[in-house]
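Visitor: Since the structure of chain A is already known, use the hints to place chain B on it.
Chains as they are written, first to last, in the numbering used here: chain A, 1 to 356; chain B, 1 to 388.
Hints were generated in silico from the structure; no laboratory data involved.
Here a beta-carbon is modelled for each residue, glycine too, at the ideal position from N, C-alpha and C.
Be careful, since some hints might not be right.
Unchecked claim - Cβ-to-Cβ under 10 Å is the rule here; a few derived chain B residues that face chain A: (1) I252; (2) E304; (3) L309; (4) A311; (5) D313; (6) L314.
Chain residues, written in single-letter form:
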Amino acid sequence: MRIVAAMSGGVDSSVAAAALVEAGHEVIGLSMQLYDQREGREAFGSCCSLDDLYDARRVAAALGIPHYIVNFEEQFEQTVVRNFVEEYASGRTPIPCVHCNATLKFAHLLERAEAFDAAAVATGHYARVVYDEEHGRYRLLRGVDPAKDQSYFLFSLSQEQLARAWFPVGHLTKPDVRAMAARLGLTVADKPDSHEICFVADGDAGGFVERRLGVDGRELEGEIVDTAGTVIGRHRGLHRYTVGQRKGLGLARPIPMYVLRLDPAERRLVVGPREELGRRELTASRVNWIAGSPPDGPRRVTARIRHRHPDAPATVEAGPGDHAQVVFDVPQLAVTPGQAVVFYDGEDVVGGGWID
Amino acid sequence: MRIYLDYNATAPPLPEVVEAVSQAMAGIPGNASSVHTFGQQAKAALDTARTEVARLLGAEASEIVFTSGGTEADNLAIRGAAEALEQAGRRHLVTTAIEHEAVLNTMRALERRGWEVTFVPVDASGVVSADAVAKAIRPDTALVSVMHANNEIGTLQPIEEIAKHVRGSGALLHTDAVQSAGKVPIDVKALGVDLLSISAHKFGGPKGTGALWIRRGVRLFSQMTGGRQERGRRAGTENVPALVGMGVAARIAARRVATGLGDIAALRDRLESGILTAVPGTVVNGDPARRVPNTTNISFDGIEAESLLIALDLEGVAISTGSACSSGSLEPSHVLRAMGLPQPRTRNSLRFSLGPSTTKADVDFVVGVLPKLVSRLRQLGRPAVAGR
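Next up, chain A with everything else stripped away, as it sits in the complex (with noise of 0.2 Å):
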């Protein structure tokens, strides 16, 4: 069958093109270009994520498959960067990750791979699907390596993106994802995984989100106040806070302190002790059910708030509109605007959504 691979020159996504090799695939090795990474125009040495695009296709050269080079940037620009900043400006602490693989990876991408009669997409993602003959729908599993799931990125998929998403690393743990490449010989077998957001090229999102806003830090500063609304301090810009942030804050109080809400209407930052910080219930929206339809009635799931959290159990109902309530056992600390929640009943994702 003719796949499309896309390869971003990790160990995942090339292990990911090199199983489906060997397993017999005609494989087409795409990666996307998805911002400006042209040398410095005047001096060079300033770089950047070319060497991953350059790994991409070395390591497509040694399976001995076709690649290309995909210019997504305006896609990327449109769907992930814009709305990074947009929620950054509206107090919330944005998941780019979510977007990039909903919209670019199996939207884009996938429609890409029907230009070129590709039957599906397949990447690095740590994540399962299998067909469920008895329903006659595709299911979402966690990633058999738990320390590497990927599951929660992926929340957002439809079933029809289901039936043509591939993840041929999904049933292996890392460990297993090296040897494989260590073994075919590929160059980026130890290569480290990637944790920063890939196009805040410093690590510093705050100044990111600065300046394509295009302002001074300064103009964003606030008051920080606790919850009796007395003014405690001073914050660089809401943007550079998120909920559950206690470092960073330059207040000397008794007790240590946590950031609980980010107010962009007042431009404040409110702040209190560890034990305000739980909550127990949250509305999420945009909500994707992976089954296609939301449950009937409440549904005892377990839900997680954050890429790296446990899940906790909790109680989902859907509505009103795409919206689902969330109710957990035991109040969770940092539940955050802008991050994902996403429900799971065992290993199977049952859906997820953004939170309010």
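Guide: Chain B in isolation, oriented as in the chain A frame:
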């Protein structure tokens, strides 16, 4: 089966060139600067190559400076002239908006270092008007650089006319003839230019070799400093085997151009009219008459050139758009943009460039396969996007 229609990117080395280069690799081991017999042998081989390259351009062998390619030749011409004439108070440069990046980015680099640069626009057919260039020339203009043939759309620029305006202004006239050498007859005297760049691999020679023709008496500042090679105009031991190959390619190109390039224009026209007929929503970019005989640039409504290029490659057909960035992904064409084409057309056009090995069967295969690919691309249903 693989069909190669990307001769403007590079023309695969001619068999005679491959043969000559390998023989020279083994048989001419010396350094052309050496006094001894080995050196003399290498020097003689270089002289022959220089004469053959000069003949392709209607020039004298002594006016040819070998370089590492078209880009270096352009850099030497522009930077060399700008720096030489700076002392005379000339700090202004003129070029066009559709030049190759070798010229455009060299101009921009000089601009950042204090030179003033005028980028003359082109009309909707991709031709610069000689009058517009004339108007851009000032008393302090050091150099005018206008390409002979455009690499993306193939249009030929009115160099002779421009030369009339430059003459007497005290400025030098450079033309980047990388895309015209070997495709149309070139006579540097008839063109009336002072400097002319060529690249061997565009007419079947080895990559990494090129030349700048410098009219006798024109003074440039060298850009590569070191030994006294190339009469002190370009330091560095000459790549003798590759330059021998360039000489052979130049000889063959000169012969071909003199006999009218066979039926390449007829094949190009067959391809062009075939596509226009078989694929609705297509249009040719650039002046249909004033262009090199091997190139056509066609816009396909409602598609991304990038996807069509990949789909064609998967069918065994190699073409390009002419503008790629450092990663190899495609960018909107600065040439089509400069022609004032609407934004979609700067992203939906493909360049087909033919060469001496192109056959009627190649052309017919491409015309046959395109309708299927284009309609598949046009029919793509956008998959549902959830969770946005």
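Visitor: For every hint, state whether the structure bears it out.
Guide: Okay, the hints, checked on the actual structure:
1. I252: violated, 32 Å
2. E304: It holds, given that the least Cβ distance between B:E304 and chain A is near 8 Å, below 10 Å.
3. L309: Hint holds; B:L309 Cβ to chain A Cβ min 8 Å, cut 10 Å.
4. A311: holds, 6 Å
5. D313: holds, 7 Å
6. L314: holds, 6 Å
In this structure, only the earlier hint numbered 1 is contradicted, and the remaining ones agree with it.
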